[in-house]
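Position one of the sequence shown corresponds to residue 1 (the UniProt record's numbering), numbered consecutively onward.
Calculated directly from the structure, the hints in this document are not laboratory data.
Predicted model only: the values in this text are computed from it and were never measured.
There's no promise every hint is true.
With a straight-line cut-off of 25 Å between C-alpha atoms, the simulated DMTMM-like cross-links for lysine to aspartate or glutamate are [as the list claims (entries may be wrong)]: (1) 107 x 526; (2) 501 x 697; (3) 164 x 132; (4) 13 x 182.
Here are the simulated distance ranges between beta carbons [unchecked claim]: (5) 508 x 83: 52 to 62 Å; (6) 505 x 635: 20 to 30 Å; (7) 508 x 759: 25 to 35 Å; (8) 635 x 798: 38 to 48 Å.
Even for Gly, the Cβ is constructed at its ideal location relative to N, Cα and C.
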Amino acid sequence: MDVIERLHTTLAKDWTSPRSSIPNSENDAFHVTALAETDTHTDDHLRPRTPQESAALLAYFRGELEIDHPPNFLKATMPVIQRAMVEQFHEAHVEYSLTALTPPQVKLWKNMTHGALFAELQNANRDEVNGEAMLNRMKRDIKMLHYDGIQTLRFVFHSKRIAKFYQGVTLRLQRTTIVVEDADFRRENQSPGCYDVAQVRRLYSLRVFGTDKIGLVTLIAAFSQLSGVQVLDIQRARVTDTQMGQKEKKREDSQGQPTKTRRTQHKKVSASHQTNSRQGFVQRTMRDFAGSATPKANVAETATEKVEEKAISAANVPASPGSDEEFTMGAAHTGSSEGDRDLPIQLMQWLESFNGKQVEVDANGQCAMLAFYASTKNHDGVSLPKSAQVTRGANRLKRFVYAIMLSNLRNDVELGIVDPISELTRLYPDREHTESVAAATASLFTHYVTERDRSVSSRVASRFWAGTHELRAMAQYLREPLLVLDVNEHNDVHIQRYMYKEYRLADGTDHESGYVEALTDRAARDYLYECWRLHVMPTFLILHHQNRHFSGVQHGELLLRWNAEGDPGYAAMLDSTYEWRNTVNILSNGEDIDLSEINVLERNDAIDAVMTKKLPMNERLRIVLTRLGLPILDMHELDERKLDENIVEEERLIHESYGIDGYASGSQVIPKETSISNDWTEHPKRAPRVATGTAVEAAYSRILGMADVREVESTDRPTYDLICAANREAFTRWTNLYRAKFSIPLMKRTQTMSETIRSWLLEHHQVLRHLFAYLPYPELEAKCWSRKDLLAWGEIEAYHEQTRARTNHRWP
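Input sequences plus hints: build the corresponding full structure.
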């Protein structure tokens with residue numbers, strides 16, 4: 001039976017029938033007795049069981065009474081140790097597990113919660129005919145879902161009788177299917193050393209290529225030489241009827257295609273997607289990564305059409321994890337460890353989910369500022385007009401961006417973010433340049449002042465075109481990430497994300513500046529998918545790489561709607577012609593919940609739907625960043641007047657440094673080690689935290705509450721990785737700053753954990769205090785220490801406290 005037939009068989013099951021218990025004349029009475037609420041008694045205040053309770057307990061142990069948990073009356077009639085035994089009995093002999101093997105393209109995480117796993121099943125199966133009935137039945141019957149982080153999804157049912165109903169059921173999961181099987185227990189009359197199909201699938205297997213040269217017998221002989229390895233079976237590659245049909249269809253579809261069309265050779269395309277010629281693209285949006293946007297999503301297709309569409313898509317599901325029929329975009333290739341940056345994704349594929357449309361701007365050398373203006377204003381049109389109003393608005397925007405660059409320049413040079421000498425060489429290649437960093441900084445400052453006053457309507461030379469530093473400042477202006485879609489000549493796109501963060505200067509103060517990271521295609525997809533789930537509209541710029549020309553992106557009415565969601569004040573200011581204005585934030589039944597009482601990091605459509613109606617977009621962006629383990633940005637708007645005041649002071653300091661330097665030293669003034677106080681009791685300023693906000697604090701609290709941080713929940717894993725990285729970075733910076741003062745032992749460049757010098761730190765408790773005062777997350781650092789080391793530190797502190805007390809005590 002192929003995949004399509006199995007899906008139809010599953011949908012044809014009677015999912016609407018009630019889950020009846022085992023027929024028994026006394027079953028109903030026993031059921032009421034077992035589930036009746038009761039008080040919990042201590043072991044020395046137990047009451048005797050009633051005859052009805054004793055009979056119900058006996059029926060429960062015989063398997064004649066089917067309930068979801070042990071009888072409640074045991075809490076009042078049985079000691080705690082015996083109750084624990086009954087709980088174990090229920091888990092081992094009443095509950096029953098089935099398993100499903102997940103193909104490798106399914107993206108799940110170890111320790112995913114039951115709710116998150118069920119949401120994945122719900123997203124993939126609810127649009128089918130009888131899909132809602134099937135999901136409702138599954139909610140009642142499945143007690144727990146577990147994923148082992150490798151390939152096995154485990155379904156725990158309340159009883160073996162209920163589990164039997166699901167045996168052989170085929171379900172959709174993400175873009176593939178899984179089969180629920182009984183692979184844990186041996187069948188009746190199953191001989192020792194005999195494995196059925198489901199059990200074989202659970203065993204570890206290898207796919208070996210190139211066996212034609214050595215033969216299967218030689219291969220088996222080689223494996224037999226490995227200690228502890230027993231080969232159960234060996235077979236040559238099989239091709240299913242479904243796979244053969246796909247290959248035949250692709251051969252038929254390829255006939256008659258133009259021979260010079262780009263990327264027609266070796267292309268793997270799902271039957272539910274279409275490819276056009278050179279000018280086209282594979283239409284695939286964020287909706288393809290989930291069932292629908294929210295539980296209330298409208299679906300235009302009829303039930304019959306939906307079944308047919310799903311059936312066609314199911315035909316392209318691999319028959320085994322090793323199948324070569326997996327859906328890909330572009331030419332066949334070997335996956336790269338860098339996240340498949342060799343996987344071409346077209347421009348409109350990224351923009352379609354956000355209703356993004358390209359806005360062309362004047363190619364006068366200042367297209368970056370004009371495109372940035374078009375994107376921030378959500379300009380409604382295919383091109384930005386050359387009007388006086390547009391010029392005034394873009395000039396104001398440009399002055400603000402350059403004000404940020406001027407305020408940042410001196411500290412950016414100190415941090416090595418900006419190399420003023422190389423920048424001047426790029427801007428003025430025909431001039432002779434000094435080797436003095438201070439002089440180059442002063443010259444670059446003057447250049448920025450000139451560019452700040454230049455109108456966007458003026459044409460400039462190509463060497464003055466905007467680059468990385470302007471884009472970093474744009475992200476600071478936005479107070480949110482800026483995405484640059486870098487488009488090559490084939491219309492393939494890779495994404496750069498511009499953000500900003502706090503840097504620690506040598507004098508101990510913090511400095512905010514922007515930075516850029518080139519995203520892998522998978523990382524970009526994950527980020528945009530999270531934005532799409534929570535209706536967060538990113539700010540896009542399009543960079544046409546071949547001619548270095550920028551274009552803006554507008555999103556039309558969708559941007560207004562997403563901004564209105566969670567912000568009634570903004571919605572009230574919109575024109576009344578928008579039909580959704582008065583209903584966009586109305587909560588439906590069950591949605592009026594307190595977000596502080598739930599885990600907002602859990603990827604659940606119901607939770608996401610509530611957040612889009614109760615949180616404004618900037619708060620939803622915080623949730624997106626937290627879910628992905630990205631730094632949480634300070635979203636307080638910058639004040640241009642304060643920036644102007646700061647520019648005056650920065651100009652004085654830059655030119656003062658340039659005048660003192662006098663072209664003599666050839667480098668900027670670096671603070672000396674003697675500037676660090678020699679007072680052991682003076683604690684340093686704590687390194688800035690990379691993530692703040694309610695969701696982050698809640699996740700951090702859950703992490704600290706874990707018995708073992710290595711078993712942190714999947715929803716909190718990105719936050720955990722982020723704060724661990726922040727602690728490691730701070731530790732490395734601390735060792736560099738204070739190595740001479742404290743005589744910190746030398747370490748290898750790859751040793752970025754305090755564990756490397758922990759024994760030395762315990763011998764120098766004042767240095768240890770200094771480190772914990774510097775780390776941004778000292779609580780997590782302490783939690784990662786062993787109990788032995790913590791006790792040793794405590795004993796050292798107690799000893800020194802007692803010694804100090806005796807020293808300060810005045811004896812009579």
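message: For a quick check of understanding: which of the numbered hints are violated here, in increasing order?
response: Violated hints: none at all, because every hint is consistent with the structure.
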